[in-house]
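Based on the sequences and whatever the hints tell you, model everything.
For the sequence shown, my numbering assigns the number 3 to the initial residue and increments by one for each residue that follows.
Everything labelled a hint here was simulated from the structure, so no lab data went into it.
Honestly, I wouldn't trust all of these hints.
Cut-off 20 Å, straight-line C-alpha distance, at most; resulting in silico cross-link-like pairs (EDC-like, lysine to aspartate or glutamate) [unchecked claim]:
id: 1; residue 1: Lys-161; residue 2: Glu-143
id: 2; residue 1: Lys-107; residue 2: Glu-143
id: 3; residue 1: Lys-171; residue 2: Asp-155
Using C-beta positions, here's what the derived DEER-type ranges look like [as the list claims (entries may be wrong)]:
id: 4; residue 1: Glu-167; residue 2: Arg-48; range: 36 to 42 Å
id: 5; residue 1: Arg-121; residue 2: Arg-48; range: 31 to 37 Å
id: 6; residue 1: Ile-76; residue 2: Lys-161; range: 25 to 31 Å
Beta carbons: idealized from backbone N, C-alpha and C, even for Gly.
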Amino acid sequence: MDVMDEDAVMATSSSFPHRVPDAQGAMSHVVPSSSAPLPAGTREFRDVQVKVHIRRPERDSWVYLGRALVSQEIVGQSSRVVIRSMTSGKVMVSFGEVSDLQAEKRGNFVVIGCVEGSRVVSWSLNALNNSDTLRLLASIELACYRCRVAVIDPRTHAKTRRRIERIIKDDRRRRHKRRKDQDAMVDAFSRQNLDEDDLESNS
Numbered sequence: 003m004d005v006m007d008e009d010a011v012m013a014t015s016s017s018f019p020h021r022v023p024d025a026q027g028a029m030s031h032v033v034p035s036s037s038a039p040l041p042a043g044t045r046e047f048r049d050v051q052v053k054v055h056i057r058r059p060e061r062d063s064w065v066y067l068g069r070a071l072v073s074q075e076i077v078g079q080s081s082r083v084v085i086r087s088m089t090s091g092k093v094m095v096s097f098g099e100v101s102d103l104q105a106e107k108r109g110n111f112v113v114i115g116c117v118e119g120s121r122v123v124s125w126s127l128n129a130l131n132n133s134d135t136l137r138l139l140a141s142i143e144l145a146c147y148r149c150r151v152a153v154i155d156p157r158t159h160a161k162t163r164r165r166i167e168r169i170i171k172d173d174r175r176r177r178h179k180r181r182k183d184q185d186a187m188v189d190a191f192s193r194q195n196l197d198e199d200d201l202e203s204n205s
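Below is the structure:
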């Protein structure tokens, strides 16, 4: 999947989402079907076209979900970022102030790690150019920043951010260990085959 790094991370959270399984059984933060899209005039930035990949918990590989449009929608005093499939128009995922997540820019990718309990679901949004990638990252940070908690209870806000960072870091460490173990196993099999070939050639 292009030059995607294996890891995702970003800070914070989806407005009033509930989790439902997608077609492949993953649990995603989605906007309830009863939530009607807001008029285009209420969006704070124009839609961004992206390619969407997902990496599910305990998996090391990314799965391509298709092309989507990312929009920012105002909900009362807050906003949310909604990602809709360009094929079906259905919401793939949304992010807002109540989502536990971190995100970062990697080339033309924005990689988002969503914490669900002790598990991490990673989303990768591949924008068309660097400008769209920067606007996409800024819109997610704006929608997911818990400004009220940060002002009213900064200690709890900091504690929540540290917890999200720790869970994502642990997930990365486990993934790297699995990859290292797999590489070591492939190496061992390769050496064994070479040794067997040498024995056959010398006999």
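Do the hints match the structure? See the list:
no. : hint                           : result
1   : Lys-161 <-> Glu-143            : holds (18 Å)
2   : Lys-107 <-> Glu-143            : holds (11 Å)
3   : Lys-171 <-> Asp-155            : violated (25 Å)
4   : Glu-167 <-> Arg-48: 36 to 42 Å : violated (31 Å)
5   : Arg-121 <-> Arg-48: 31 to 37 Å : holds (33 Å)
6   : Ile-76 <-> Lys-161: 25 to 31 Å : holds (29 Å)
Hint compliance for this structure: hints 3 and 4 are broken, all remaining hints hold.
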